[in-house]
Structure formats: C-alpha cells, structure tokens
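Chain A is already provided as a structure; the job is to place chain B on it using the hints.
Number of protein chains: 2
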Amino acid sequence: MLKVTNDQVAGHKAGDGKLGPLIDDLGRFYKPLQSNERGSNELTFYTSFSTNTRIPGPIRRFFPNFYGTQLVEASDGSSLQPHLVLQDFNFGRVNPSIIDIKIGSRTWDPQASEEYIQKGLKKDRETSSLPLGFRLSGFQIYQNRELGFWKPERTFQSLSADEVDLLLRKFVSSNTSANLDLQPDCSFASIVYGGSTGILSQLLELKAWFEDQTIYHFYACSVLMTYEKEFVSNGKIPCAEIKLIDFAHVYEGQGVIDHNFLGGLCSLIKFISEILITPEECTTEASPKDIQKNQIYFEELIK
Amino acid sequence: MLKVTNDQVAGHKAGDGKLGPLIDDLGRFYKPLQSNERGSNELTFYTSFSTNTRIPGPIRRFFPNFYGTQLVEASDGSSLQPHLVLQDFNFGRVNPSIIDIKIGSRTWDPQASEEYIQKGLKKDRETSSLPLGFRLSGFQIYQNRELGFWKPERTFQSLSADEVDLLLRKFVSSNTSANLDLQPDCSFASIVYGGSTGILSQLLELKAWFEDQTIYHFYACSVLMTYEKEFVSNGKIPCAEIKLIDFAHVYEGQGVIDHNFLGGLCSLIKFISEILITPEECTTEASPKDIQKNQIYFEELIK
Numbered sequence: 050m051l052k053v054t055n056d057q058v059a060g061h062k063a064g065d066g067k068l069g070p071l072i073d074d075l076g077r078f079y080k081p082l083q084s085n086e087r088g089s090n091e092l093t094f095y096t097s098f099s100t101n102t103r104i105p106g107p108i109r110r111f112f113p114n115f116y117g118t119q120l121v122e123a124s125d126g127s128s129l130q131p132h133l134v135l136q137d138f139n140f141g142r143v144n145p146s147i148i149d150i151k152i153g154s155r156t157w158d159p160q161a162s163e164e165y166i167q168k169g170l171k172k173d174r175e176t177s178s179l180p181l182g183f184r185l186s187g188f189q190i191y192q193n194r195e196l197g198f199w200k201p202e203r204t205f206q207s208l209s210a211d212e213v214d215l216l217l218r219k220f221v222s223s224n225t226s227a228n229l230d231l232q233p234d235c236s237f238a239s240i241v242y243g244g245s246t247g248i249l250s251q252l253l254e255l256k257a258w259f260e261d262q263t264i265y266h267f268y269a270c271s272v273l274m275t276y277e278k279e280f281v282s283n284g285k286i287p288c289a290e291i292k293l294i295d296f297a298h299v300y301e302g303q304g305v306i307d308h309n310f311l312g313g314l315c316s317l318i319k320f321i322s323e324i325l326i327t328p329e330e331c332t333t334e335a336s337p338k339d340i341q342k343n344q345i346y347f348e349e350l351i352k
Numbered sequence: 050m051l052k053v054t055n056d057q058v059a060g061h062k063a064g065d066g067k068l069g070p071l072i073d074d075l076g077r078f079y080k081p082l083q084s085n086e087r088g089s090n091e092l093t094f095y096t097s098f099s100t101n102t103r104i105p106g107p108i109r110r111f112f113p114n115f116y117g118t119q120l121v122e123a124s125d126g127s128s129l130q131p132h133l134v135l136q137d138f139n140f141g142r143v144n145p146s147i148i149d150i151k152i153g154s155r156t157w158d159p160q161a162s163e164e165y166i167q168k169g170l171k172k173d174r175e176t177s178s179l180p181l182g183f184r185l186s187g188f189q190i191y192q193n194r195e196l197g198f199w200k201p202e203r204t205f206q207s208l209s210a211d212e213v214d215l216l217l218r219k220f221v222s223s224n225t226s227a228n229l230d231l232q233p234d235c236s237f238a239s240i241v242y243g244g245s246t247g248i249l250s251q252l253l254e255l256k257a258w259f260e261d262q263t264i265y266h267f268y269a270c271s272v273l274m275t276y277e278k279e280f281v282s283n284g285k286i287p288c289a290e291i292k293l294i295d296f297a298h299v300y301e302g303q304g305v306i307d308h309n310f311l312g313g314l315c316s317l318i319k320f321i322s323e324i325l326i327t328p329e330e331c332t333t334e335a336s337p338k339d340i341q342k343n344q345i346y347f348e349e350l351i352k
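Sequence lines, in order, name chains A and B.
Last residue of the first sequence: 352 in the working numbering, with the numbers rising by one and none dropped.
Last residue of the second sequence: 352 in the working numbering, with the numbers rising by one and none dropped.
In case anyone wonders, no lab produced these hints; they're calculated from the structure.
There is no bait here: all hints are sound.
One copy or any two copies: either way a pair holds, since identical chains are not told apart in the list.
Below, computed lysine-lysine pairings styled on DSBU-like, alpha-carbon distance capped at 35 Å:
(1) K171 with K319
(2) K62 with K172
(3) K256 with K319
(4) K172 with K319
(5) K292 with K256
(6) K319 with K200
(7) K256 with K172
Here chain A stands alone, though its shape is the one from the complex (with noise of 0.2 Å):
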C-alpha cells in the first residue's frame, strides 16, 4: 500500500502519472532507482555505508537507514521497478517544516565529465553555491491549521545572502505567511537553532566529522533542517533535525577530507548562529530599498 509523500520540497516527484518517491505506513520511503551511473553510484554508497564499521554511531542518525532495494509498482503506473528503500524521515510527524539545503560551492567532482562539470559549474555560478558555499533546493513552512504550509513552487536558487538570511529566519518564526511579513520574528529561533539537541548543535556535530573523515566526499548532497511547528506552539519540544540526503555524486575520499562539503557546512553553520546571536536584526531591514526588493521576490516568489 505506497502512496505519494507530501512532505517533499525538492527533486522529481510523484503523482500525475510521473516517476518520483513513495512512502508507506510503517516508515519507510521508497526512491525509484535511477537506471543510469547516479542509480548505481547511490546504490553503492548507501551499499557501503551501511555496512562501514568505521561511520560512528552519532553521525550514522544524521543519515537515512537502508533496507535494501525492492520491485516496487512505480508512480508513473509504468511497472515493477527497482526502488532503493529507505528510512521515511517525516514518518510520525504531523506538519513538519522542511528546508532541503544543498551543500557546497561545487556540485561536481573532478573525475566528473566535461560535459557533466561545465554544466554543474553553470548552475552553481548562476545560483548562491558559489558565493555561499550552499544554495536552497525546496522547502515548506507550516503556517497554522487554516493557512496550513508555505510552499512556494517557483526556484528561488539564485538567492542572496540577504534573502538567504531571510529565509533562514522565515523557517523559525511565528508569523510566517504569505502576506509578507518582512520582519519574521524569530521566536522559535531559540529552541529550534538553539540548545543542546537543536540544529546548530547537530549541524557543529557533523562539521567535526567532516573536518577528519576522508572516506566520501559527497557531491550534490542536501541537508535537510526539520521540526515541528505545532509541538513548538504548544509548549513540547519540537523535533529538530538535520538529515543527509541524495548521494548520486558521492566518491571516495582517497585520503583527503571533503573540503568542498565542509566548507560549506561552516557558511550554513555562520547564517544559523548569526540568527541566534541576532534573532532581532534581520539584514534585509536594513534600508528601504533592501524592503522593496524583498517585496518584489516574495510577490514572486508566492504567485
């Protein structure tokens, strides 16, 4: 019994007869396996990864369990397919925030393909992975139960650091809606960035990892941040997490560290400690010009 994720904010997804991922009731998730060198590459690593005694247990939760692969009936109706099964992260949650963050300046390797690294270097140039280290891919903010999420379709990649501050500060307030609220107020900031188990904590955890681990080096890689809204609102803790997820362009690591990942681990790590140091400054309210222009994205970015 597999039906369509809701809960996802990036990448191919099902529904209307198109290939993408399916959940089912007992928590896992189940991604078509690419027939091409991506399907086989994610394959191994999961492959890999799961069976290296030399990942630590702390770091292994950052990382989805893997079940195996398993013919499944695929969402485009096609047939039985090869699906690699994984751990459903949002299994238990009611309406989680999600923000899928993909990490690192270059989302290429260098054993890559001309073609395939003339066209990554494009899109890292025309979006914020270059200058920021990272760039958004998707995401979703649960409102309130009348508005329910913020879920804007449009690509918003080519982000500043502004608005990436902004979102970033969006995703942990009370009064996020679609009628832009050009001052987010933060107030979640504090216990979902913040504490000993919230993000940031999680976030410094992995980047300890990365700064000895030279197994992978892991190429066009997310982050997913998530937490519960409601929980929040309603006094209990709110569930905040990190995930790593899509390891299509994961390589070993052949004795060096995976600089490129890291690097851009620690640009995130700067924008989320800067909004616990300063949850009431928002940068983009610092001129008129700076609100105007913020105005005219989130029109776009919300239509």
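Structure of chain B alone, referenced to chain A:
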C-alpha cells in the same frame, strides 16, 4: 641599500635584470606594485587591513606589517617604481626552511572576468587545488652546512595526496636530502608542527578566525610555513611560524565566510595532524609501486 632576497620560494624573482621583490637590512620587504588591477587590489587590501579595527590582534601577527608604498629603484634596473613596503619575514633568520602553500580549491573569485575564470579553473583542475583544496607553490628545505638548501626549481603543483604527504613529512625531517630518502624520519614533526606554539596550533587559530570572519575573501592567497632547522638540531626553539602572503585577489566578504579558503585550510590541517599522529607512517611506503613512483618523481624534481 636594497638587495635581492635568497629566501623567496614562489612568484616572480628578482635578479638577472628581472623585476622582483627586494629587501633592506632593516627588516623590510619591497614588493613591486603591479600596474594593473592586481596591484591596486593588493594595495587596497593592505590599506584596508592595516586600519581595520575588527581584526583581532593575535590574527594580525599572521599577516605582514604594512609600511605604505615607496618609489625605489626596481630590481630590473629600469627606474624608480612604486613598491609595497612590507615586513620581511625572514629578517633575522639564518637558514629558514620554507613552504609556500596556495590555499583554496578555487583560485578565482566569482566576479572575475570570464577569461580569468577559465584560466584559473584550468590550473585548479591540473594541480592539486581541486582535489586537495590547496597546492604547493614552492619550497626550500635546509639540509645542513655542507649541502645547503634543497630547493627544487621545477614546478610540482600537480601532486597526489601521497606526494603532498611525503613533502610535508620531508619538511620536518632530519634526513631530508637530495639522495632520495624515501622514509623521512619526521624527527622535527613534534617540535615544528606540534606543541602549543607550533604550526598546527597556529593553523587552528587561523581556522577559528576564518569560521567567523566575513570581511574578506582570499583567493590565490598563500600560507607560508617556516622554521629554522639548525635551531632545532641545536636544541633551541625552531621559531616555527605561519604567515599569509599574496593579496592581489582579495575581495569583500559581504556577510559570507570565506568557505573556499576555510575548506582548503582544513584540508591542510588534516594532513599536518596525520603526520603528528603517525610520524612513522609515511603513506608512500605503502607499496613498492608507490616507492618506485616517488623515486621517479624525486629524481625528476631534483634534476
């Protein structure tokens, strides 16, 4: 009374009628100010940095002191030309061993001209910059009174991780010499790289600043590592120091950390850390094939 320096390991060298840096006997280093954008960029950086009150004092010691510009007779004998007047790092040193390491997997800035980007990217891909996050740009290793310096003239930028590891080990070994010691003894590793005032400690201090600072982005900038081998041999402190040089491609950070420099710096730190952890285990000793490869490599290097 300006003269040519003997301790320059990379970049344009003075002498034989060529334009290059000069030194005086008061500890100052005269770097010809390039007449193009690079020259004005570097001058802008030194002017900005030397007056910036946000630079922490301990970080400032990793940069050259700046004494303004001065018209001096150029080393190519042409005429009076503008020079940057900087601190001469090697003033007072006797026989400094030096490595020049260009930091960052990307030596070009996102706003550079298309021509510059393509040229820089090509070089980054051909050298170890892309895979390792840094490349060795030059070095000299003092051997002893009889043999003097081991100072290969040949370019050695397209090194593998194992070859870089070997050179960083030879840098702190007593048995460095032209006659192919394949097993560097790393006998100075703990005193030069290690300890509370050693090179690793300084690199970590610099790293902590780069995790936070969003003032400057340093492209194609080098870290110099230097120490006095004879001092160590005589039981004195080796005066191990790191210094940053070459700021012709420094740009404003615009609120984002320099994830490109930081990633490369972390990669270098990992190499140095590994040497301290396993001074006896040179990875190039792994197989006879590696040894043969390195023999060929070093034979070519010292030709």
